[in-house]
Amino acid sequence: MTTIRPARITKVLPDSIAAEIGFEVGDAIVTINGTPPRDLIDYQFLCADEILELEVLDATGKTHHLEIEKDYDEDLGLEFETALFDNLIQCNNRCPFCFIDQQPPGKRSSLYLKDDDYRLSFLYGSYLTLTNLTEREWQRIEAMRLSPLYVSVHATEPEVRIRLLKNPRAGQILRHIKWFQQRRLQIHAQVVVCPGINDGKHLEQTLTDLASFHTDEVPAVASVAVVPVGLTKFRPQEDELTPVRPEKAQEVIQQVRSLQQQFRQKFDSTFAWLADEWFLIAGEELPCESEYEDYPQIDNGVGSIRLFIKQFMETANQLLPPKIQEQKRFTWVVGNAVEQVFQPILKRLNSVEGLEVNMQALNSDYWGQNISVTGLLTGHDLLLNLQGQDLGDGILLPSVMLKHGELVFLDDINMKELARQLNINIFPVAGVEELIETCIK
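Residue numbers are given in the numbering used here: position 153 of the sequence shown equals residue 225, and the series is strictly consecutive.
Hints listed in this document are in silico derivations from the structure and should not be mistaken for laboratory results. Keep in mind that this is a model prediction, so the values were computed, not measured. Backbone N, C-alpha and C fix where the C-beta goes; we use that ideal spot for every residue, glycine too. Check before you lean on any hint, since a few could be wrong.
Stated by the list, open to error - Quick list of simulated restraints, FRET-style, between CB atoms:
hint, residue 1, residue 2, range
1, N105, P240, 39 to 47 Å
2, G477, P240, 53 to 61 Å
3, D130, G477, 19 to 27 Å
Stated by the list, open to error - Quick list of in silico lysine to aspartate or glutamate cross-link-like pairs, EDC-like style, CA-CA up to 20 Å:
hint, residue 1, residue 2
4, K320, E357
5, K273, E209
6, K513, D465
7, K250, E209
Work out the full structure, taking the sequences as your base and the hints as a guide.
Here you go:
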């Protein structure tokens, strides 16, 4: 039986209803109008009422009963330690390419949680397979109109998807998508291409099948991202997977672009997009900005580089001065994959008189040399590559390398400890503005 824990409060927003009432960090909501919220979705739904009766547990364990009268849909101004107040729905598949299984043992426990939870998909856009849902959860998705969800499809042919997910229930994917279609609910789909398994004719079949659901006023499949498989040195050798080589990347680009032409003629939309990584592996030019439409798959690495460069150039025109008074020199650490495409950014930064930014583009020794994505670089990689070097006044560190809300890398090395060992200041930068402001402040 699922245990619902009280919803523990981690932040009370200033000038909010909750601040006015006197909520404090450490308090926890037990029930709203008599119902224990299972998750953030329940909390938001229950709090939409104009009159709320709350049962609250304070930090000392004392129970309080409150009545709140507010405008319909007005937010209380609370944030919680987790979006789920019961248990995470974990994955029962055994996909050989699952990144969770491609990690070394002995790191923090949260790295080994296999999330296959439709609620996190709805709230944050994380991907799920639909193979773990009970009838009660399907009913809740329908009743609460939890749409869109983000679904790892990988293949639509039952035998191919079963082979990939190692789960007989995986073969029901087309029936599941039809369920969404009948209820006018949507998914965004993901296809991780594993050479020799779901590429070639299988990839064409998958994209054609998914496109058949991109119809009606509310298309059941809103978009598709095609992503290359990522393999680390910790994966089991018997997994039958092979890395994506430049020739394979070029082949997939050509194949998908041919289908994209058909989709644009039929739907007036590209519909299925290639992740930026395909072009980096193939050594080909990224698509132009207009091809990404409204970036429906940005979190899947589709168009994120093009958008970052665009945002940088626009912001640089506003914020970057022609010169800075005090000379500064920084080392900007990025993944090897973006070394070439980020050259215009590097050139623009170095056009400021008094500012020198040197790029260190790294492969990951920690995961294996095939991993060259910025967000997967670890403290180990930085220590290995940067120790003993003249790094200037500090390291510009993309914050995607760090655990959300904490200064810890994926290998559990703390950023402050790394700064001590390298004897250098490290500046985490999230986004374009922080990158520019750190350089010139």
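Hints the structure fails to honour: Structure breaks hints 2 and 5.
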